[in-house]
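Chemist: Using the sequences plus the hints, can you model the full thing?
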Amino acid sequence: MNKEFFEAVAMMEKEKGVPAEYLYEKIAAAIVTAVRKDFGGKEVVSCEINPEKLEMNVYHNLTVVEEVEDPDAEISLEDAQQIKKKYKLGDTVQIKLTKKDFGRIAAQTAKHVIRQGIRDAEKNQILADFQSKNQELVTAKVQRVDPITGNATLEIGKAEAILPKGEQLENEDFVEGELIKVFIVDVKETEKGPKAMISRTHPGLVKRLFEMEVPEIYDGTVIIDSVSRDAGSRTKLAVHSKDEDVDAIGACIGPRGARVNKIVEVLGGEKIDIVNYSDDPEKFIAAALAPADVLKVEIEDADKHICHVTVPDHQLSLAIGNKGQNARLAAHLTGWKIDIKPESGFYEG
1 MNKEFFEAVA MMEKEKGVPA EYLYEKIAAA IVTAVRKDFG GKEVVSCEIN
51 PEKLEMNVYH NLTVVEEVED PDAEISLEDA QQIKKKYKLG DTVQIKLTKK
101 DFGRIAAQTA KHVIRQGIRD AEKNQILADF QSKNQELVTA KVQRVDPITG
151 NATLEIGKAE AILPKGEQLE NEDFVEGELI KVFIVDVKET EKGPKAMISR
201 THPGLVKRLF EMEVPEIYDG TVIIDSVSRD AGSRTKLAVH SKDEDVDAIG
251 ACIGPRGARV NKIVEVLGGE KIDIVNYSDD PEKFIAAALA PADVLKVEIE
301 DADKHICHVT VPDHQLSLAI GNKGQNARLA AHLTGWKIDI KPESGFYEG
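Numbered by the numbering used here, the letters in the sequence shown go through residues 1 to 349 in order.
Careful, some of the hints might be misleading.
Stated by the list, open to error - Restricting the straight-line Cα-Cα distance to at most 16 Å, the calculated cross-link-like pairs of lysine to aspartate or glutamate (EDC-like) are:
1. K192 x D120
2. K283 x D225
3. K304 x E282
4. K207 x D225
5. K337 x D301
6. K207 x D219
7. K181 x E213
8. K99 x D38
9. K99 x E55
10. K88 x E66
11. K37 x D72
12. K141 x E160
13. K141 x E172
14. K14 x E122
15. K14 x D38
16. K133 x D186
17. K304 x D339
18. K158 x E13
19. K26 x D120
Hint data in this document are derived by calculation from the structure and do not stem from the laboratory.
Modeler: Right, here's the structure in full:
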């Protein structure tokens, strides 16, 4: 085996991150598989690769017997002792093969298996890399956008992932080479290799952004209890503080709104309502309907999580929101079915 071969393996380890030891193991197995064909497929071939000495040796292994019945696997005691006198019955004689013994077909087969081994190693590494980032926020580079489907192909580390149009924010226009934040929802191993399900609309993306921007969330002082999101339009975030001296909402907003504004910017102007979480469902439901004021919350069925909420007449539309958005997000945030009615009992129009 020449020096260039070992240099190539070292380069693959450096550039593709595939361990050299793994490659040598795959290459040795490929050579053995290929050369066995010259011996009827029998397990009589071994391969040793020594990168320190820049050597690769292939051996034909024969068992010493009194009478040879299978010349592919056996050698007579007499012939064995002509090689080395110390051989005795039952020993294994290793005969080193030369390159010409490998044959052209064996070399091609080995090359194919080697390529496949490298591809498998790369897939395994990509899968492990994706799995380490599962349910996390990552920075991805836009490679291209399909003009027909609108799907974006992104580069995440050494791998590619597709951001479907349905997982993008409304009216987003990506530029090739642009860096964007995406949330890895799930990782699957498919026949074509590892596949990461990524999203810009998932509530987890907002949660991770707040963890990055708010030190009190990162260190566990402030807890995000739930997130409800209408991607590209509005998000509601319920938080509470484990330290009575720390204002959970204030921590999330930041000095002069710096923290929340930075997140709003990343999300393309998406509005964010931050409310106080409470174990008391009445208080939590009332807070969740912000920016509307709530006069009263009546629990109809605690088991089924059904309630009635009364708001001032002039704030009914605010509580319900455009196309029911505010009420819908509040319901999702709290896990309660919310029926909203005006104080007078009379609905407009």
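Chemist: Run every hint past the structure and note whether it holds.
Modeler: Hints and how they fare:
1. K192 x D120: At roughly 11 Å apart (the allowed maximum being 16 Å), D120 and K192 satisfy the hint.
2. K283 x D225: Within the cut-off at roughly 14 Å; holds.
3. K304 x E282: 15 Å, holds
4. K207 x D225: 10 Å, holds
5. K337 x D301: 10 Å, holds
6. K207 x D219: 14 Å, holds
7. K181 x E213: Holds: K181 and E213 sit about 14 Å apart, inside 16 Å.
8. K99 x D38: 13 Å, holds
9. K99 x E55: Holds - the C-alpha atoms of E55 and K99 are around 13 Å apart, at most 16 Å.
10. K88 x E66: Judged against 16 Å, a Cα distance of about 10 Å means the pair holds.
11. K37 x D72: The hint holds at about 11 Å.
12. K141 x E160: Distance ~9 Å between K141 and E160 Cα, so the pair holds.
13. K141 x E172: With a Cα-Cα distance of about 15 Å, the restraint between K141 and E172 holds, given a limit of 16 Å.
14. K14 x E122: Between K14 and E122 the Cα gap is close to 13 Å, so the pair holds against 16 Å.
15. K14 x D38: 35 Å, violated
16. K133 x D186: Given that 16 Å is the threshold and the Cα spacing comes to 9 Å, the pair holds.
17. K304 x D339: Cα-Cα ~13 Å, so holds.
18. K158 x E13: Within the cut-off at roughly 14 Å; holds.
19. K26 x D120: 10 Å, holds
When held up to the earlier numbered hints, the structure conflicts with hint 15 and nothing else.
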